[in-house]
Amino acid sequence: MSQPNISEPAVPGRAVAAGAARPRPAGGTARRDSWVRRLPLLPALVYVFLITQIPFALTVYYSLFSWNLLRPGSFQFAGLQNYAAVLSESSTRIAIANTVVLTLFAVAIAVVIGVAIALLLNGEIFGKGVLRTLIIGPFLVMPTAAALIWKDTLLNPIFGLVAYVLTPVGLGHVDWVNRFPMAAIVTIEVWRWTPFMMLIVLAGLQSQNLETLEAARVDGANTISTFRYITLPFIRPFVELGALLGSLFIVQTFDSIYMITQGGPGQATTNIPFLLYLVAFQGFDVGKASAIGVFSVVLTMIVASFALRTLFTIFHVEARR
Amino acid sequence: MSIAARRRHRAPHGGSRLLWSVVGWVVAILFFFPVLWMALEAFKSEPQAASIPPTILFTPTLDQFQAVLARDFPPFFINSAIATIGSTLLVLVLGLPAAYALAVRPIKRARDALFFFISTRFLPFAASLVPLYILARDLHMLDNIFALVAIYTTINLPLGVWLLRSFLLEIPNDLFEAARVDGAGFVEELTRVVLPLVTPGLAATSLICLIFAWNEFFYAVNLTSSIAATSPIFLVGFISGRGLFYAKLSAAAMLCSLPVLLAGWIAQKQLIRGLTMGAVK
Chain A
1 MSQPNISEPA VPGRAVAAGA ARPRPAGGTA RRDSWVRRLP LLPALVYVFL
51 ITQIPFALTV YYSLFSWNLL RPGSFQFAGL QNYAAVLSES STRIAIANTV
101 VLTLFAVAIA VVIGVAIALL LNGEIFGKGV LRTLIIGPFL VMPTAAALIW
151 KDTLLNPIFG LVAYVLTPVG LGHVDWVNRF PMAAIVTIEV WRWTPFMMLI
201 VLAGLQSQNL ETLEAARVDG ANTISTFRYI TLPFIRPFVE LGALLGSLFI
251 VQTFDSIYMI TQGGPGQATT NIPFLLYLVA FQGFDVGKAS AIGVFSVVLT
301 MIVASFALRT LFTIFHVEAR R
Chain B
1001 MSIAARRRHR APHGGSRLLW SVVGWVVAIL FFFPVLWMAL EAFKSEPQAA
1051 SIPPTILFTP TLDQFQAVLA RDFPPFFINS AIATIGSTLL VLVLGLPAAY
1101 ALAVRPIKRA RDALFFFIST RFLPFAASLV PLYILARDLH MLDNIFALVA
1151 IYTTINLPLG VWLLRSFLLE IPNDLFEAAR VDGAGFVEEL TRVVLPLVTP
1201 GLAATSLICL IFAWNEFFYA VNLTSSIAAT SPIFLVGFIS GRGLFYAKLS
1251 AAAMLCSLPV LLAGWIAQKQ LIRGLTMGAV K
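First to last, the protein sequences are chains A and B.
So for the first sequence, the numbering used here puts the first residue at 1; every next one is plus one.
So for the second sequence, the numbering used here puts the first residue at 1001; every next one is plus one.
Chain B on its own, in the form it takes in the complex:
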């Protein structure tokens, strides 16, 4: 369709465009406000953070971040990083070959396998909590970060397989044929043809794994206590906060949220495809 036609269809008069823009900005700012407020509170002093009326103009301070970092926050953050990076790598290593088998030279009953994968993702977390707790207890894996790595891999692998498959389907067949004519085996095909072309797919998969693993709370709070506790568990300490703690809470909340927030903003294009397992581009 020509640009002219697009213009003709879409061009409302300047007035209505301005009006809808204003509406859009008001809505966006309303939605974003709690995030913005968290960021503002984090840079205040404690009395400013709980003042009435609210403090809008202030000299930003890094005291709260320092206080949070000086408390025992870093180990929680490191645990989150281990659980997230470990499970993401496992998802990529296990998921890419599986996606290959389901997309490039699809095996028989590929559809059944896809169905199986995704149905496990929709099992309620709650249903497997008790047996996982007892298994972890018997295997001496309670409060062990590798238990979370294993579980987060399971949560994200179905999404990873579906998503990577949707990216592999886009690679032209000729490339595989050319590689096969050259006598390339599976491993060579994977490294020479698939890997270079599937980088956006790996990025999208990593983003989705990051979001779900980093923010995961249900298993983390029930299967870890101190040694392996991840960053959302650090926030549990603020539930029954007394005295002035809003600024510190906001600083901690900021530090916990920042990795996913930044990654999600940077990779916005991959976000939608990842969230729908490749169904929507």
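Just chain A, same shape as in the assembly:
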């Protein structure tokens, strides 16, 4: 940086005060000052850069090679063959479809229930604090632990509690996990992520200006139109943020699939992360697994760019307030 160092301060007052306290240095001093300022950032930046970008570069590199870990010396340049193979195989298409179905359904249902619970907890009801404490439980339980509890003690067709409870309506002894594998995984992910959505939306609701609501009421707006025209637009960025962050996490679902269905029966619950795991650690096909990895990065980055935009919007709203 050759310019004298005046980085845009977050708050105007800061620059003025700094100028008053210390005359602005010029030339070499400024250059040194700018490096001194950057110094605290460097360890973290370098660390994250190395541990995320080297593997990513290697993924791209490996994806261009035919390499099976079980066959020493099989490392050969393959051009785009891995990509061609990955795109032409039905297992990839199934995994993409499963990922989309799982993510869309889990996020959509979790958002709807999460918003409903947030509205409930934002109203006047007894024991709000306790209710919130209970509801965030599912999000905090270790996902692998929760997966086994669901599979064995709740959904097991013989000993499961769900089978017992549903026997009077003729649905006892249904093998939920094997007959409706995707629905079972979606249910468990919804159970886990609803509290997350609820927390974000509840925080949004609690920052709502009550005077606006009061004004609407005085103007004769009823509950539904107040919700439709005032509350809903207000909480929209929070809902969007929850949905987008949730998508980024749920796209990566692995724990519950590994613990409950192992991607099956057949390929019924194999999503992209699980397919990559199978190709890499059952097939030991590094090239193909890497191609799937590159593919998943591209897909994720599309969702992530929306998430980042929303995140920055909320930061700006918060800053203005």
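Certain hints may be false.
To be verified - Below, simulated PhoX-like cross-link-like pairs (lysine-lysine); rule was C-alpha separation at most 20 Å, straight line: (1) Lys1269/B with Lys1281/B; (2) Lys128/A with Lys1269/B; (3) Lys1281/B with Lys128/A.
As the list claims (entries may be wrong) - Chain B regions said to be covered by chain A (calculated; three or more residues, Cβ under 8 Å): (4) 1150-1161; (5) 1266-1277.
The hints are simulated quantities; they were obtained by calculation from the structure and are not laboratory data.
Every residue, glycine too, gets a C-beta built ideally from N, C-alpha and C.
Position chain B against the provided structure of chain A, taking the given hints into account.
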């Protein structure tokens, strides 16, 4: 806004308040039920845990916890603790100075740096698994807990930087100015001004690091096997359980979940801010 106005707006009649309260409690209990059931099953004997109809009233026993602890559970728990505490400390040590550089006297292109950090958090884990596995293999770091420490630090550092920055932005500038007038350097400023005021931020960051590192399964299951295996890996042994094992499974699941469950409940206020990287308070 006055309390009176708030009351006027919010006060529904007693009847509807009772109705919504009942709805709220039913929903909350439904959501919490699997957690509660796990806790109940953990204190039963094996036949009680798998009985039909389900056993509701029973004399609690600690047998299953004893059985789990007598098996090889403790090393898994200790590995989880090392991976979590190690990576959390690294996140704080690396993250706080970085957040300072991005918040207190923001450098040029601070926004780009923030963007870079957070975009790495959204890279799919799966995409870096194969190279990390091969790197770990070549560096003789497979089944080594420090490989997990390094990876969990990377996962949590972006969140830590964002979160700590949001807390640093709240410290009034006058305090920094006063310290600078007194001739305080960077280190002094950090220890005298920042540290005492940013304690809630450190707590929130530690909580989020704890949740993500303690519960992490994908890298753990693929990069460790026996020596460095963490507590979720212990649960893998229950996947193809035969015979009576529900009570033991529940006890193990309880022990694995308890640290995050307790921390999350205690620090509920920090949870939401942490999960949204400081965007939502």
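What are the numbers of the hints that this structure violates, sorted from low to high?
none
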